[in-house]
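Starting from the known structure of chain F, arrange chain S on it as the hints suggest.
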Amino acid sequence: MLLTSRHEIGDPIFKLVVLVCALAILGLLGLIVYELVFRSALSWHAFGFRFFAGSEWDPVGEHFGALPFIYGTLVSSLLALLIAVPLAIGVAVFTTEMCPGRLRGPLSFFTELLAAIPSVIYGLWAIFVLLPILRSYLQPFLAKTLGWTGLFEGPPYGIGMLAAGIILAIMIIPIISSITREVLAVVPQHQREGVLALGATRWEMIRMGVLRNARAGIMGGIILGLGRALGETMAVTMVIGNRPEIAKSLFAPGYTMASVLANEFSEATGDIYLSALVEIGLALFLVTIVVNALAQFLVWTVTRGEPARGHV
Amino acid sequence: MSEPQNIKSHAGMQPISWRRRIIDHFMTGLAVLTVILVLVPLVAIFGYLVYRGMGSINWAFLTQTPRPVGEPGGGMANAIVGSGLILAIASLMGVPFGVGAGIYLAEFGRNRFGDSIRFTADVLNGVPSIVIGIVAYSIVVLQQRHFSALAGSVALAIMMVPTITRTTEEMLLLVPQALREAAYGLGIPRWRTALSITLRTATSGVITGIMLAFARVAGETAPLLFTTLGNQFWNLRVDQPTAALPLQIYTYGLSPYDDWHRQAWAGAFVLIILIVTAVAAVRFAVRHGTFGSA
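Quick mapping for you: the protein sequence lines, in order, are chains F and S. Heads up: the first sequence at position 236 corresponds to 291 in the working numbering, and the numbers run straight through without jumps. Heads up: the second sequence at position 177 corresponds to 869 in the working numbering, and the numbers run straight through without jumps.
Chain S with its partners taken away, still in its complex shape:
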């Protein structure tokens, strides 16, 4: 390497050569350029989304069901409610397992078995959502013999578990060990300590993880394509095909009708508001919550 010689030649108070100085400025400029290149599409996506979404959303969109193909008007009320239903069931299934596994890793998982669970969770996190959809299809749809909201919920729940597990563990480990010891010292059993002391102290952090997982699956479309399938009408039965907002955005976006394009943008706007609210709430909670300052 040529470093020692560089050092020698600059051992005195000589100024840095113009070549190195230009390279330095050039590289700084390049880094600024990359930031601009990354921010432009972001601003473009958000700007266009808000512009089209604000212009497209109306009362009918929020309160009516879709009109027949090609007929303007109507809305996505059933899809909004359907998404809520699918996500609620997914959370009911996914959250307990995720939090439970997180507790296991934090309280009992300081060993190789725990490491293997951690690694599996991280790997599971990277499984493409469409593949999870196939699995939900074969364990729910093929058994029930028809598409259903439940199948979609199963797919989303599988996706939520690893995220919630990892964040729950992280948050529980931040709780000072002294708190646990104090509880043990009072003769409180371990299960009670874990639930009423540790988990309770870390509540806002754990909720953060749940919200992040929620935000992540809320916009998922791929695993719903062949599980919940979509529906033009109202449906609140979990064993029937159900409309979901992301699915509706997809179908309407690819359709050749201007009014459906408009509704696709309105749907995207509603969806993004849901997600950004969740993410922003999480950031706020992390920064100002009891836990962030602890």
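This is chain F alone, in the form it adopts within the complex:
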């Protein structure tokens, strides 16, 4: 009898407690949205949509336009994807399809380690190693060979959009490659065997039997990497130059949404200044939410094995 009554009290209480924990996750997201919307209302009422179209950032005169930051975030992230995607997919294909078994463990361990290094250490490394290399080798080389495009013009300071793109690429390679690896691993073995049996070479097998089946998931990994790059703060802040200007050249300094928050938030004086910064945070939040949800959805469809099969 005693036992039964304890059941009746214990189980509902237990369920309630863990339910509260689970609800806390929904609550956290709600809290984030509420705080960002609430604290950015002032700026939203003052500037409306002009906030995202204006390129003047003048805390003293209280004129705020976020365009240079949006531009910087987009360009640095896309640049990072451009560099990281081929490398990350190459590494994933190598580790799942080509590499000898005993290399696989160490290789994935190393890429995991790369993911565990804090952003600020990447930034530190970029300042002391990457920037000098850019300054004295890569930038003069790019200016000489591709200077006519206009993308690689101006004095080679090291600091700038290009440095930000490269350090971001190094940081997102592990994410993209580990998700790609996961997705490639769920492609059924008989797909590979089937294509090989038709007389395909190993590359043809990878192209037709593996990559084609996994493309939705790989896309998901790429978008997840994009989400990480968009929100990345410290390493970018340390090398991008932090100047709110829109320049065509990748050698020129820029500024990102996350960087301006890092640099100015704790010193923001005045309600409207703070509110404008929170609005940048809100915009960054919304973009990363959409990007991550999309990525999550794509990866889920593949690893849960629903669509993406059948059309070889």
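Rather than coming from a laboratory, the hints here were simulated on the basis of the structure. Check the hints yourself; a few may be wrong.
[Said to hold, decoys possible] Reference listing, derived: stretches of chain S covered by chain F, where coverage requires no fewer than 3 residues with Cβ under 8 Å from a Cβ of chain F:
| id | region |
| --- | --- |
| 1 | 709-716 |
| 2 | 720-731 |
| 3 | 848-861 |
| 4 | 872-886 |
| 5 | 914-925 |
| 6 | 965-974 |
None of these values were measured; they are calculated from a predicted model. Quick reminder that beta carbons are idealized off the backbone N, C-alpha and C, glycines included.
Here is chain S on its own, set in the frame of chain F:
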């Protein structure tokens, strides 16, 4: 598609054409090249970090507080302790919620509501840390009217929850259903089964998740910039601005002083040792722990 024709032309024992063979070798070479291109920066980062870190770290660094601007010497003892304090409070807040939510998802969450929690956790995982910093700023700093260690801990705790939730659920689901049924069969209530049988069986896996979350937030700098703010002196009060190792690395790294650069590297070295130890311990536990072999 041209596949059927390919098949026809190679239906016999004809060798693969040299063109396809060259493309195959070329692609293999390309894949090896990408691996090298990815490993070079990794080795460079680690190598440089160890080289500069080993050369920079000394007793003063580990035991003294920062000297005034521009004066060589001193250390980051207060930042190391401050980071420990911030992380400890963050774990105290984040771990129970994360584990609780994980238990909910594993034991009661096989439905659409559970899926929505899962999805939210995954999305929360992708929220930029600087945005979490803003939220911690507005719910703690603005209420208390000054920067504090607690605000930083709140930010880090928010970041820990989703990671811990997802790994805890994953680990609990690996526990065989028969174990739960056996417990129910003995008349043990569900809450007791979940805590003393399921969670206990999965302990090493759950700890793995906690350590991963810990390692992830240990090096976080962005959410601390305008929450804990940093401090040149000792502080153990949670409601006061506190020094943190990542913040100190950031400020010193950007400074124009050689000795501060040296200390930034020493700090980075200490931080990475902390994190790599956590990650390596996790890998070891997963591979050799009671759970990995179960």
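Q. Can you give the numbers of the hints that this structure goes against, from lowest to highest?
A. none
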